[in-house]
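Going down the list, the protein sequences come from chains A and B.
The first sequence: position 31 = 31 (the working numbering), numbered continuously.
The second sequence: position 72 = 1072 (the working numbering), numbered continuously.
The reader is advised that the hints may include incorrect statements.
With a Cα cut of at most 25 Å, we get these calculated DMTMM-like pairs of lysine to aspartate or glutamate [stated by the list, open to error]:
no.: 1; chain 1: B; residue 1: K1100; chain 2: B; residue 2: D1079
no.: 2; chain 1: B; residue 1: K1096; chain 2: A; residue 2: E13
no.: 3; chain 1: B; residue 1: K1096; chain 2: A; residue 2: D57
no.: 4; chain 1: B; residue 1: K1096; chain 2: A; residue 2: E74
no.: 5; chain 1: B; residue 1: K1096; chain 2: A; residue 2: D17
no.: 6; chain 1: B; residue 1: K1096; chain 2: A; residue 2: E51
no.: 7; chain 1: B; residue 1: K1051; chain 2: A; residue 2: E66
no.: 8; chain 1: B; residue 1: K1100; chain 2: A; residue 2: E77
no.: 9; chain 1: B; residue 1: K1096; chain 2: A; residue 2: E72
no.: 10; chain 1: A; residue 1: K22; chain 2: A; residue 2: E51
no.: 11; chain 1: B; residue 1: K1096; chain 2: A; residue 2: E77
no.: 12; chain 1: B; residue 1: K1096; chain 2: A; residue 2: E9
no.: 13; chain 1: B; residue 1: K1100; chain 2: A; residue 2: E34
no.: 14; chain 1: B; residue 1: K1100; chain 2: A; residue 2: E21
no.: 15; chain 1: B; residue 1: K1100; chain 2: A; residue 2: E51
no.: 16; chain 1: B; residue 1: K1096; chain 2: A; residue 2: E31
no.: 17; chain 1: B; residue 1: K1100; chain 2: A; residue 2: E31
no.: 18; chain 1: B; residue 1: K1096; chain 2: A; residue 2: E34
no.: 19; chain 1: A; residue 1: K22; chain 2: A; residue 2: E66
no.: 20; chain 1: B; residue 1: K1051; chain 2: B; residue 2: D1079
no.: 21; chain 1: B; residue 1: K1100; chain 2: A; residue 2: D17
no.: 22; chain 1: B; residue 1: K1100; chain 2: A; residue 2: E66
no.: 23; chain 1: B; residue 1: K1096; chain 2: A; residue 2: E41
no.: 24; chain 1: B; residue 1: K1051; chain 2: B; residue 2: D1020
no.: 25; chain 1: B; residue 1: K1100; chain 2: A; residue 2: E74
no.: 26; chain 1: B; residue 1: K1096; chain 2: A; residue 2: E39
no.: 27; chain 1: B; residue 1: K1051; chain 2: B; residue 2: E1070
no.: 28; chain 1: B; residue 1: K1051; chain 2: B; residue 2: E1026
no.: 29; chain 1: B; residue 1: K1100; chain 2: A; residue 2: E13
no.: 30; chain 1: B; residue 1: K1096; chain 2: A; residue 2: E15
no.: 31; chain 1: B; residue 1: K1100; chain 2: A; residue 2: E15
no.: 32; chain 1: B; residue 1: K1100; chain 2: A; residue 2: E72
no.: 33; chain 1: B; residue 1: K1100; chain 2: A; residue 2: E39
These are computed hints drawn from the structure, not numbers from a lab.
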Amino acid sequence: MSEAPNQDELVFEAELDAPPEKVWRALSTPEIREAWLGEPEAGPAGVARSEPPSRLDLTWPTHQGETLVSFEIEPREGGGARLTIVHRALAPVVVALHTSRRAAMSATGWRMAA
Amino acid sequence: MFESDVFRALGDPTRRAVLDRLSAGERSVAELTAALPVSQPAVSQHLAALKAAGLVGERREGRRVFYRIEPSGLAPLIDWLGRYRAFWPQRIERLKDVLKEMDQ
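Here chain B stands alone, though its shape is the one from the complex:
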């Protein structure tokens, strides 16, 4: 998958609501549908997108499928935050130098 799929997958409010429900523990599609104001096919579609982005995993038990959050799927996002937390203070120091060199 492309890492940018993570940002895209998280951009949809229903998908974030699905993740919100799953943060409490694993759920079946039926359980998720009961808790959300969307149809079961819509929930399945969002789950597929979340799975493709690596944010959600599944476990089969007979004919039933349970979904859960896949914490490692958030790694690209955490990587982004970590890199730019170091990036901006460095750039601000460089900006201060450039401001000194600029004419008034």
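Okay, chain A solo, but in the shape it has when bound:
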């Protein structure tokens, strides 16, 4: 599993030993999904986009505001699946984060993962 060096959003990639259809079931069936993912911290998750068996977008309310989680499932050679998770705030925070990064870092000691 690896995290992409991106300042705008959180991106995670995982190689799974299960076929895409099975991963899709684990993501899209609410009871199964809750078993590993749980519920958002500030209200119920909502389905924003559903394209079986490859793409599921969930709205994910946080204490800081509304966010969106995109799951992308791709087949992997050998029968497994690659899962990509992109988590972003629904407001495009890119520019502000980018332009204020230096100031924010000096104020909080925050560093981006490289």
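Fit chain B to the given chain A structure using the hints.
Frame of chain A, contents of chain B only:
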């Protein structure tokens, strides 16, 4: 203020442009208006929203007001990123366990 105001305030392109200008240093409303394709009342309105969200601070010098970025205003956003950077790897491990337990 509510923390979600930060996401809302950053969601507007003009407000992000204002922050972009302020990232170079403090500016007056007139200076910001000259640099942006919007009216002075509009700039003032956006500055008020950014101030309410804790993203912008002001300094008065006689009759003039200068605005600057308030780095601590981004703390909720940074907090969000930090928490979910730890959250997702844990959830992916749990997903792997659940996939093993599921029938084929």
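Structure-based check of each hint:
1. Proximity of K1100(B) to D1079(B) is assessed by CA-CA distance (about 33 Å); at most 25 Å being required, the pair is judged violated.
2. At roughly 13 Å between alpha-carbon atoms, K1096(B) and E13(A) fall within 25 Å of each other, so this suggested pair holds.
3. At roughly 20 Å between alpha-carbon atoms, K1096(B) and D57(A) fall within 25 Å of each other, so this suggested pair holds.
4. For the suggested pair K1096(B) and E74(A), the alpha carbons sit about 16 Å apart, so the restraint of at most 25 Å is met.
5. For the given pair, K1096(B) sits about 8 Å from D17(A) by alpha-carbon distance, which is consistent with the 25 Å threshold.
6. Simply put, K1096(B) and E51(A) have alpha-carbon atoms about 22 Å apart, close enough for the 25 Å limit, and the pair holds.
7. For the proposed pair K1051(B) and E66(A), the alpha carbon gap of about 20 Å is at most 25 Å, so the pair holds.
8. Only pairs whose Cα atoms come within 25 Å are accepted, and K1100(B) paired with E77(A) is accepted, the gap being roughly 19 Å.
9. Of the pairs offered as hints, the one joining K1096(B) and E72(A) holds, with about 16 Å between alpha carbons and a cut-off of 25 Å not exceeded.
10. At most 25 Å may separate the alpha-carbon atoms for a hinted pair to count; K22(A) and E51(A) meet this at roughly 14 Å.
11. With a C-alpha separation of about 18 Å, the suggested pairing of K1096(B) with E77(A) holds against the 25 Å cut-off.
12. About 23 Å separates the Cα atoms of K1096(B) and E9(A), which keeps this hinted pair within 25 Å; it holds.
13. Pair hint K1100(B) plus E34(A) holds up; C-alpha atoms about 16 Å apart against a cutoff of 25 Å.
14. For the hint linking K1100(B) to E21(A), the alpha-carbon distance of about 14 Å falls within 25 Å, and the restraint holds.
15. Of the pairs offered as hints, the one joining K1100(B) and E51(A) holds, with about 24 Å between alpha carbons and a cut-off of 25 Å not exceeded.
16. The straight-line distance between the Cα atoms of K1096(B) and E31(A) is roughly 16 Å, inside the 25 Å bound, and the hint therefore holds.
17. A C-alpha spacing of about 16 Å is found between K1100(B) and E31(A), which places the hinted pair at or below 25 Å, so the restraint holds.
18. For a cut-off of 25 Å, the pair hint linking K1096(B) to E34(A) stands: about 14 Å separates their Cα positions.
19. Restraint check: the Cα-Cα separation between K22(A) and E66(A) comes to about 28 Å, which exceeds 25 Å; the hinted pair is violated.
20. For the given pair, K1051(B) sits about 20 Å from D1079(B) by alpha-carbon distance, which is consistent with the 25 Å threshold.
21. For a cut-off of 25 Å, the pair hint linking K1100(B) to D17(A) stands: about 9 Å separates their Cα positions.
22. A threshold of 25 Å between alpha carbons decides the hint, and for K1100(B) with E66(A) the separation of about 32 Å lies outside it, so the pair is violated.
23. Of the pairs offered as hints, the one joining K1096(B) and E41(A) holds, with about 22 Å between alpha carbons and a cut-off of 25 Å not exceeded.
24. Taken as a hint, the K1051(B) and D1020(B) pair is honoured in the structure, with Cα atoms around 15 Å apart against an allowance of 25 Å.
25. Restraint check: the Cα-Cα separation between K1100(B) and E74(A) comes to about 19 Å, which is no more than 25 Å; the hinted pair holds.
26. Distance hint between K1096(B) and E39(A) is fulfilled; the C-alpha atoms sit about 18 Å from each other, no more than 25 Å.
27. With a C-alpha separation of about 9 Å, the suggested pair K1051(B) and E1070(B) falls inside the 25 Å cut-off, and the hint holds.
28. About 14 Å separates the Cα atoms of K1051(B) and E1026(B), which keeps this hinted pair within 25 Å; it holds.
29. Restraint check for K1100(B) and E13(A): the C-alpha separation of about 19 Å stays at or below 25 Å, so the hint holds.
30. Proposed proximity of K1096(B) and E15(A) is supported: the alpha carbons are some 10 Å apart, at most 25 Å.
31. The suggested pairing of K1100(B) with E15(A) holds, with an alpha-carbon distance near 14 Å, which does not exceed 25 Å.
32. Annotation: proposed proximity of K1100(B) to E72(A) holds, straight-line Cα distance about 20 Å (limit 25 Å).
33. Straight-line distance between C-alpha atoms of K1100(B) and E39(A) comes to about 21 Å, which keeps the hinted pair within the 25 Å bound.
The structure does not agree with the numbered hints 1, 19 and 22 stated previously, though it agrees with the rest.
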